[in-house]
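Undergrad: In terms of numbering that gives the first Met the number 0, the sequence shown has 345 at position 346, counting the first letter as 1, and numbering is strictly consecutive.
It is possible that some hints are incorrect.
As the list claims (entries may be wrong) - Calculated pairs, PhoX-like style, for lysine-lysine (alpha carbon to alpha carbon, straight line, at most 25 Å):
id: 1; residue 1: K87; residue 2: K113
id: 2; residue 1: K106; residue 2: K81
id: 3; residue 1: K373; residue 2: K360
id: 4; residue 1: K172; residue 2: K87
Derived from the structure by calculation, the hints contain no laboratory data.
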Amino acid sequence: MNDLDLFPDPYGDGRLPEERLGRRDQRRVRKRQKRRKRSGRAAALFAMAFLVAVFGTGGVLGYAWLDNQWHPPDYTGQGSGKVTIQIKEGASGLVIGATLERHRVVKSARAFVKTYNKETRASSVQPGFYQMRLRMSSAAAMALLLDPKSRAGNQITIPEGRRAVEVFELLAKKTGISVKEFQAAAKRPRNLGLPPYAKGKVEGYLHPGRYDLDPNGSAEQILKQMIERFNREAASVDLVGKARKAHMNPATVITLASLVQAEGGKPSDLPKISRVIYNRVERGMPLQFDTTVLYALNRRTLTVTNEDLKVDSPYNTYTHKGLPPGPISNPGPDAIEAAIAPEDGTWLYFIATDPTNKVTKFATTEQERQAIEKEFREWQRKHPGQ
């Protein structure tokens, strides 16, 4: 036995096992071996095909996803048709892109954002309404947003202190909607979002300021937009809370503010005018404001006659003490603040001695009042017909 014969051959003849089988058995063994080889090759091929399918499809999908991220879908050309879209105050490039995609102006917001981020003038896009086209490339859409000519052209500024009817006239001139339609909309207060203390009246709650009007908007939608602005401003300054601290309700504050606005010239005069109103009401003196009489008469003039002062109206503050029953104009934020926080003083009178230059003087005594009235009469003499 040599060193390798640790496990001796049990048959003792040195032949391999298959050599001891018969020919028939040998053939069966060879067939089984061939079947095993074929099955192994098939399994290997199937596994390889499976891996190719999985990783190959994943690769294709992965590439498609990356390509979509790098090259988001976008239209080509200048587009066609017309659509009006609104860019709101403070809108980011992503928000603008989503708005454009929603209105089918651009194919994807991401494509627009890529263009927006590359545009150095992107921050100059102004809020408002724009006339765009459908199916535009992102570059074409960006160019149109930067073109002032694409603005819908319905920007309007409502000055402080205008009466509701005067606001209607300004809106009618800008939009082509008749004054009667605005008046009719004002008579449907439930649809306008007025605060409960307005008691269904729009006077005093059409917030002055700059507006971008929807070129397709109705009279009702436009008035609602202005009242929504009032509600936001009132909430931001806590009008209800401040009115409560001043022992007033918000409606009284707006009525008082409308008087301050109507009588005021320069912003610095408003808190003083507010103090005059407080002082006269506390003393039981009638306000005797020409502006309230002219509101009752629906006129605008600096000349008020004795006959005018006899007008039978609760807004006639010559014949009725205290505040009128409601606002006589639509006040701005400064007038509202002055109504809540008047300046300290003993004044009981004020007169616009030079209306052209908005000069107002204040007086405490009757003698002082007569002196400043004399200045106003001199101004009237030099400016006949005003």
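Undergrad: Hint by hint, note whether the structure agrees.
TA: Verification of the hints:
1. K87 - K113: holds, 20 Å
2. K106 - K81: Between K106 and K81 the Cα gap is close to 16 Å, so the pair holds against 25 Å.
3. K373 - K360: Distance of about 12 Å is within 25 Å: holds.
4. K172 - K87: holds, 24 Å
No hint from the list above goes unmet by this structure.
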